Amino acid sequence: MSEQKLKHFVPTPPRLPATNEQNLLRRIQKQCFNSIGNSLLTISVLVLIYYVAKSFLDWAVFNAVWNAATRRECMDISPDGACWAGVIDWFNGLIYGRYPDEEQWRVNGGVVMGLLWLLPLMNRRIAYRNSILISWITLYPFLGAYMFLGGTFGQDVGIIHMVFTSLAAGYFILLYLNWMLCAAGQSSLPERVTPLTSKLFRRGQHMNGFLLVWAVLSILCGVALAQVNLEPVPVDRWGGLFLTLIIASFAITMSIPVGILLALGRRSKLPVIHWLSMMLIELVRAVPLITVLFMAVTLLPIFLPSGAEPDKLSQVLFAVCLFAGAYMAENIRGGLQAIPDGQYEAAQTLGLGYWLTMGLIILPQAMRLMIPNIMTSFISMLKDTTLVSIIGLFDIMLMARNISNDKNWIGLHTEPLALISILFFVMCYGMSQYSLNLEKRLKAHRS
Amino acid sequence: MNKFASALAVSAAMIFVQTSASQAEEGTSTLQTVKDRGSVSCVIGNSFPGFYSLNKEGEWQGMDIDMCRGVAAAVFGDAGKVNFLPVQWAQSFTTIKSGKGDILSKGMTWTLSRDVSQGLDFLDTYFYDGQGFMVRKDLGVTSVKELKGATVCVLTGTSSELNLADYSRTHGLDLKTVVFDDSAVRNTAFFNDNCDALTNDKSGLAAQRSAAPNPADYVVLPETISKEALSFAVKQNDSEWANVVKWTFQAMVAAEEYGITSENVDDMRANSESPIVRRILGVEGDLHVGLGLPQDWAYQVIKNVGNYGEIYERNVGPNSILGLDREGTLNALWQDGGLMYAKSFR
Numbered sequence: 000m001s002e003q004k005l006k007h008f009v010p011t012p013p014r015l016p017a018t019n020e021q022n023l024l025r026r027i028q029k030q031c032f033n034s035i036g037n038s039l040l041t042i043s044v045l046v047l048i049y050y051v052a053k054s055f056l057d058w059a060v061f062n063a064v065w066n067a068a069t070r071r072e073c074m075d076i077s078p079d080g081a082c083w084a085g086v087i088d089w090f091n092g093l094i095y096g097r098y099p100d101e102e103q104w105r106v107n108g109g110v111v112m113g114l115l116w117l118l119p120l121m122n123r124r125i126a127y128r129n130s131i132l133i134s135w136i137t138l139y140p141f142l143g144a145y146m147f148l149g150g151t152f153g154q155d156v157g158i159i160h161m162v163f164t165s166l167a168a169g170y171f172i173l174l175y176l177n178w179m180l181c182a183a184g185q186s187s188l189p190e191r192v193t194p195l196t197s198k199l200f201r202r203g204q205h206m207n208g209f210l211l212v213w214a215v216l217s218i219l220c221g222v223a224l225a226q227v228n229l230e231p232v233p234v235d236r237w238g239g240l241f242l243t244l245i246i247a248s249f250a251i252t253m254s255i256p257v258g259i260l261l262a263l264g265r266r267s268k269l270p271v272i273h274w275l276s277m278m279l280i281e282l283v284r285a286v287p288l289i290t291v292l293f294m295a296v297t298l299l300p301i302f303l304p305s306g307a308e309p310d311k312l313s314q315v316l317f318a319v320c321l322f323a324g325a326y327m328a329e330n331i332r333g334g335l336q337a338i339p340d341g342q343y344e345a346a347q348t349l350g351l352g353y354w355l356t357m358g359l360i361i362l363p364q365a366m367r368l369m370i371p372n373i374m375t376s377f378i379s380m381l382k383d384t385t386l387v388s389i390i391g392l393f394d395i396m397l398m399a400r401n402i403s404n405d406k407n408w409i410g411l412h413t414e415p416l417a418l419i420s421i422l423f424f425v426m427c428y429g430m431s432q433y434s435l436n437l438e439k440r441l442k443a444h445r446s
Numbered sequence: 000m001n002k003f004a005s006a007l008a009v010s011a012a013m014i015f016v017q018t019s020a021s022q023a024e025e026g027t028s029t030l031q032t033v034k035d036r037g038s039v040s041c042v043i044g045n046s047f048p049g050f051y052s053l054n055k056e057g058e059w060q061g062m063d064i065d066m067c068r069g070v071a072a073a074v075f076g077d078a079g080k081v082n083f084l085p086v087q088w089a090q091s092f093t094t095i096k097s098g099k100g101d102i103l104s105k106g107m108t109w110t111l112s113r114d115v116s117q118g119l120d121f122l123d124t125y126f127y128d129g130q131g132f133m134v135r136k137d138l139g140v141t142s143v144k145e146l147k148g149a150t151v152c153v154l155t156g157t158s159s160e161l162n163l164a165d166y167s168r169t170h171g172l173d174l175k176t177v178v179f180d181d182s183a184v185r186n187t188a189f190f191n192d193n194c195d196a197l198t199n200d201k202s203g204l205a206a207q208r209s210a211a212p213n214p215a216d217y218v219v220l221p222e223t224i225s226k227e228a229l230s231f232a233v234k235q236n237d238s239e240w241a242n243v244v245k246w247t248f249q250a251m252v253a254a255e256e257y258g259i260t261s262e263n264v265d266d267m268r269a270n271s272e273s274p275i276v277r278r279i280l281g282v283e284g285d286l287h288v289g290l291g292l293p294q295d296w297a298y299q300v301i302k303n304v305g306n307y308g309e310i311y312e313r314n315v316g317p318n319s320i321l322g323l324d325r326e327g328t329l330n331a332l333w334q335d336g337g338l339m340y341a342k343s344f345r
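Protein sequence lines, in the order shown, are assigned to chains A and B.
Per numbering that gives the first Met the number 0, the first sequence starts with residue 0, numbered consecutively.
Per numbering that gives the first Met the number 0, the second sequence starts with residue 0, numbered consecutively.
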């Protein structure tokens with residue numbers, strides 16, 4: 000047996016660290032100038048970008064007029080620059096439409112309140128986050144409507160509206176009190192009252208404490224609000240970005256429940272529900288939104304008794320809600336179909352009924368799967384709301400068109416539209432970024 | 000079964016409410032409805048400079064707006080008690096027919112077919128307009144007849160498009176139309192030299208000219224190729240209400256003729272010796288009784304809104320957005336050669 004040589008491990012020399020890759024210049028060279036063809040392409044694209052950006056900036060910034068009394072004056076100062084003075088002059092109109100100047104704080108207040116209501120959702124430690132969302136959908140509209148419409152309790156404001164506005168205000172205050180107590184490390188207000196109520200009621204102790212505190216706060220709010228006299232502002236004075244946001248947020252919020260019901264209906268084994276949902280979805284999806292809007296404005300009044308004709312905004316909200324719901328239903332149905340049968344069977348094995356199966360097992364997974372699609376629908380709904388200008392609601396588009404018919408700013412079309420494009424870009428981009436963030440978070444949560 | 004029965008009952012009740020409500024509507028006149036409602040509903044459009052447009056405070060202004068405000072002043076003595084309904088073109092007739100709107104005042108041209116087939120009664124023409132042409136000055140054209148073979152920017156679906164085709168055919172001009180859907184786009188196209196001429200109602204042409212980068216570069220040709228009598232209309236077969244609207248306008252024109260303005264109306268009412276002025280302002284006579292209006296209705300119209308001349312000056316006159324001279328046009332008073340002729344207040 001010959002002596003075999005032992006094999007020694009000889010490490011190969013390490014490769015040089017890829018420092019070149021870190022260098023920005025080198026990276027650009029490698030990616031954009033790695034061949035003659037690519038270099039030419041890069042250069043021509045850069046030239047193109049330069050010219051587009053330069054002419055836009057020249058128009059929008061360098062040659063623009065910010066301060067003038069009329070469009071003629073703008074043109075005299077700088078004939079080929081944007082006339083932002085007109086947009087600035089009409090800015091309030093673009094944002095609030097025909098809402099009276101001295102009442103515009105109410106719009107701001109109402110919108111801020113709506114956002115504040117959702118703010119606790121950012122805090123992941125807070126309990127019952129779902130209930131905050133549900134309360135926002137069910138209660139906030141009453142409070143918002145009271146802020147925007149105005150009126151006096153007991154006179155212009157109906158009894159139901161009064162009660163719900165008080166409940167909403169009470170809940171809002173309770174929410175913030177709890178959050179503050181929670182942040183301070185104290186036990187929440189309902190928990191403090193629970194020992195009291197548990198003496199009176201044996202069952203559902205936590206709930207009772209909560210309800211008691213809520214009721215007391217609501218009554219206090221109701222009494223306080225009854226002292227306030229807000230100037231009534233009828234719906235036909237609403238407009239501008241404010242109206243656009245109202246319609247869009249209504250469509251977005253309502254599309255989820257309507258969509259879920261329609262999607263479940265379409266997958267239902269009960270023939271009547273199945274066919275009705277399917278017909279509704281297919282009918283609405285088969286016609287353009289503008290047709291649905293026209294139908295709602297011209298046909299809805301015919302179906303309803305002539306005394307009870309709703310205002311144009313309600314008709315539009317109805318149409319938009321139906322339209323958004325039908326699209327959402329198909330998104331959600333897609334999600335439902337992606338859920339493997341095993342999930343249904345597992346839920347049945349656990350003894351869950353239909354609604355619990357859907358609510359606890361299937362829908363959460365389906366919705367999570369469909370977040371990108373749902374967000375796409377939301378964004379397109381936000382943009383679609385600009386169509387309401389065609390049926391004569393003074394949303395931001397129609398207000399923009401009115402600038403060009405104003406005596407001082409006649410013919411000023413481009414600048415308002417440029418501003419609106421920027422506004423919409425900011426809103427839509429924000430929504431899509433939020434959805435990416437949400438996806439990431441939910442994925443992390445899952446794995 | 001119970002649920003079904005109650006649903007049936009509810010729908011039956013709804014049908015009953017519906018029929019009884021529509022019956023009630025048939026019976027009462029619009030004037031009574033307006034008085035009960037406490038405001039006049041005036042059907043306008045979205046925006047038409049000089050006739051109805053929003054200012055930045057969100058208030059409506061324009062000639063049509065003042066007509067409606069005048070009616071409100073006649074009925075309630077308060078020009079503010081009017082509710083403007085901006086509707087689409089297609090909806091304007093149904094809004095009047097359904098009783099949702101009381102007056103149609105949206106710069107609508109009085110035509111035979113609209114008068115007979117839309118359930119409307121046209122009452123009075125408050126502005127005589129007609130289709131005209133605007134061209135670049137350096138084209139050197141002085142008459143439409145010289146525009147042979149020219150391209151013309153026009154809004155599609157309007158009567159302007161039809162009039163243009165008619166005119167081109169009768170005069171053998173072989174005009175080529177470039178149609179647009181949106182007036183803003185059409186104007187931009189014209190100012191960028193995409194067509195030789197722009198056609199529209201003359202009142203509109205003046206406004207579009209003033210929006211040009213350099214208005215002096217453009218001229219409006221003298222020809223008027225169509226008749227556009229902008230008139231207000233009310234629901235058919237409601238003479239009581241039609242009288243109110245008709246005579247509100249007559250009061251405005253008569254006031255101008257007899258020199259009553261919103262400024263001197265109080266003075267005239269107190270001191271005028273003229274029996275006609277006294278009758279118009281309700282100092283003597285009982286002209287208001289037949290109209291079903293308060294005694295000072297015409298006084299309120301003039302006090303609140305002004306006479307026809309003032310309304311014209313304010314909204315479409317030389318100092319307004321449209322800058323239209325009144326002298327020598329059909330919109331002047333009859334004694335100045337126009338068509339504004341107030342009927343007798345007697």
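Keep in mind that the hints were calculated from the coordinates and are not lab data.
Predicted model only: the values in this text are computed from it and were never measured.
Glycine included, C-beta positions come from ideal geometry on N, C-alpha and C.
One thing to keep in mind: the hints can contain errors.
Derived pair list, reagent style BS3-like, types lysine-lysine, alpha-carbon separation capped at 25 Å [unchecked claim]:
1) 99/B with 144/B
2) 342/B with 245/B
3) 99/B with 226/B
4) 245/B with 234/B
5) 311/A with 234/B
6) 144/B with 226/B
7) 34/B with 55/B
8) 175/B with 245/B
9) 311/A with 144/B
10) 311/A with 96/B
11) 34/B with 96/B
12) 175/B with 311/A
13) 34/B with 234/B
14) 175/B with 34/B
15) 175/B with 80/B
16) 406/A with 311/A
17) 302/B with 80/B
18) 144/B with 234/B
19) 234/B with 406/A
20) 147/B with 311/A
21) 311/A with 80/B
Calculated Cβ distances over 10 Å to all of chain B for the following chain A residues [as the list claims (entries may be wrong)]:
22) 60
23) 61
24) 118
25) 296
Practice task
State the violated hints by number, sorted upward, taking the hints as numbered earlier in the document.
Solution key: 1, 3, 7, 8, 9, 12, 14, 15, 16, 18, 19, 20 and 25
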